[in-house]
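Sequences listed follow chains R and S, in order. So that you can map any letter, position 158 of the first sequence is 158 in this note's numbering, and since no number is skipped, the others follow by simple counting. Start counting at 1 in the second sequence, then tack on 1000, and there's your number in this note's numbering.
Take the hints with a grain of salt, since some may be wrong.
[Stated by the list, open to error] Under the rule of at most 30 Å between Cα atoms (straight-line distance), these lysine-lysine pairs were calculated in the DSBU-like manner:
#1 K188(R) <-> K115(R)
#2 K119(R) <-> K188(R)
#3 K1259(S) <-> K115(R)
#4 K1182(S) <-> K23(R)
#5 K119(R) <-> K1182(S)
[Said to hold, decoys possible] Far from chain R by the CB rule (all over 12 Å, computed), these chain S residues:
#6 P1112
#7 V1177
#8 V1181
#9 L1206
Bear in mind the hints are in silico, worked out from the structure with no lab data behind them. All C-beta atoms, glycine included, are put in the ideal place defined by N, C-alpha and C.
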Amino acid sequence: MPPEKALSRPVLSTSDLNVHYGKVHAVQGVSLEVRAGEVVALLGANGAGKSSIIRSLVGLTPASGGRILLRDRRIDGLSSEVRSALGMAYVPEGRRVFGDLTVRDNLLMGAYLVKDRAKIEQQLEEVFGLFPGLRERHRQIAATLSGGEQQMLAIGRALVREPEVLILDEPSLGLAPVMIKVIYETLKRIRERGMTLLLAEQSAHIALKIADRAYVLETGRVTYESDAASLRSDPALRESYLGA
Amino acid sequence: MFDQLFIGGLATGCVYAVVGLGFTLVYRTLRMVNFAQGHVFMAGAFLGLVIAERVHLPALPLLFVVGAVAFALGMVLERLVFRRLYHNHEVFIVGSIGLGIVLMNGVRVFFPEPVPFPKVFGSEVVQIGAARFQEGYLWVVLSTLVLVVLLHAMFTYTRTGRALRAVAADAEIAATVGVDVKRAIALTFGLSFAVAAIAGVLIGPLYFVSFDMGDMVGLKAFSAAVFGGINSIPGTILGGLVIGVLENLAGGYISSAYKDLVAFVILLVMLIWRPTGLLGRETPVKV
Ligand SMILES: Nc1ncnc2c1ncn2[C@@H]1O[C@H](COP(=O)(O)OP(=O)(O)O)[C@@H](O)[C@H]1O
Ligand SMILES: [Mg+2]
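Pulled out of the complex, with its shape left as it was, chain R reads as follows (with noise of 0.2 Å):
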């Protein structure tokens, strides 16, 4: 991990984080950290609690316990449309882009906060500058776009608003390998650009080519936490918490 990187203040934070489903203990007591201009990945297995641990960071899912700091200011309690003012943007599991509005209307879902005209078209410039394929189908009516171009509108639609954190929930599920790579480079160069990432994966090996850090999830809670580089270059590692 770059040295600047491990001295930067939090950007994202949780202590203690804890979501119920009923008596379902999904997330019991997480605590991680996200750092400015950091990559983290937050790997596990299916069931792990990755999603949920996003949907109450993003504000879907309440927390049943523990806090949520963005930058120092606690945001369990708001609601999802104010963390977004404050500069959290999610991409979620499933893509889930708005299937009836065309690729250009979605991307300015993404910018509703946005009140600068000017600026709205700047930043979709540079959204269709990282996915030129966008450009090409920004009429084009986002539920008729395959699966790896809805997963590029779902994160252009969480870029063009430049979030202070992107929050992505298993960006790579149901993609073909070759989307999976175009994907992966988009966000190294996303990553380049200075911004701070939280990735959830299943697919370690995917996630830890771009991650600076990762913590590993089971059963809703949090069983090792390294930088990145140390999961990729020990295999035994690798093998008791991740099985691959």
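Could you slot chain S with the ligands onto chain R? The hints should help.
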């Protein structure tokens, strides 16, 4: 005779279409059917009547004022009533039927008998081809056209309209990009009330207005929405026009006794043969 029946049917069809739009707007957003819709149409007619009798407004301002008041009423009722019912579709249906009954009987207290509506749209007879009809019919058709164009422009080109479509597509995700979903739902109710009330004012001068006029129109507007696809605005408009024209033709050529049957036969056939409607699409089930 055909021309006459066709134009008459087109005018009532417009009314079904506009009231049906109210069903569609709410359904697209909440996947729920507001069965008070027909009674809002009725209340709009009486609101227009009361205003027209006290202040002699020309037709356009009258439509505008009634639309605005109904819009505000829709927003208020959303906050006081509908918002408490969303959690469950059955509760919502029963609640909205209940609200309709309250509206109906509220009006009944003041207007127990059918009353004539002031001729705000003029009473001249217009001749087109072989058909002769009151000026009011022309108002219905033209106003519907304007209303539909305005709504379309609002949904397509404005920031708020886009946000309403986004909420209809995926309310959770809309919230995560900064849309105030509660407000969007309230606006949707406001719009659905406004269009229904405007339809009430449009039809008022052509018939007598009575507290129970919303029952049949509400059911037919619902049929129109189901026929075209309850989540599709163009579908609902098409459905309204088809039902209006067909029932008028049936009433003229067969027997007026069977007129009301047309809408419900269409509704049943559609529910059995193609439940998503003519232009509707399957909406994915929300988790
Ligand atoms: N809406 C829900 N209701 C009940 N249980 C849920 C719900 N969502 C997730 N869970 C449960 O919570 C646990 C964590 O799920 P999730 O956060 O989706 O994991 P992941 O994203 O890592 O696959 C699982 O046991 C899952 O069955
Ligand atoms: Mg998940």
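Comparing the hints with the structure gives:
1. About 29 Å separates the Cα atoms of K188(R) and K115(R), which keeps this hinted pair within 30 Å; it holds.
2. At roughly 24 Å between alpha-carbon atoms, K119(R) and K188(R) fall within 30 Å of each other, so this suggested pair holds.
3. Of the supplied pair hints, the one linking K1259(S) and K115(R) is violated, its CA atoms being roughly 52 Å apart against a limit of 30 Å.
4. Annotation: proposed proximity of K1182(S) to K23(R) holds, straight-line Cα distance about 29 Å (limit 30 Å).
5. Taking the CA atoms of K119(R) and K1182(S), the gap is about 27 Å. The hint holds against a cut of 30 Å.
6. No Cβ of chain R comes within 12 Å of the Cβ of P1112(S); the nearest lies about 45 Å off, and the non-interface call holds.
7. A cut-off of 12 Å between C-beta atoms contradicts the statement that V1177(S) is not in contact with chain R; the least separation is 5 Å.
8. With a closest Cβ-Cβ approach of about 7 Å to chain R, V1181(S) is found to fall inside the 12 Å limit, against its non-interface label.
9. Even its closest Cβ contact with chain R, about 35 Å, leaves L1206(S) beyond 12 Å, as expected for a residue assigned away from the interface.
Violation of the numbered hints given earlier is confined to hints 3, 7 and 8; the remaining hints are satisfied by the structure.
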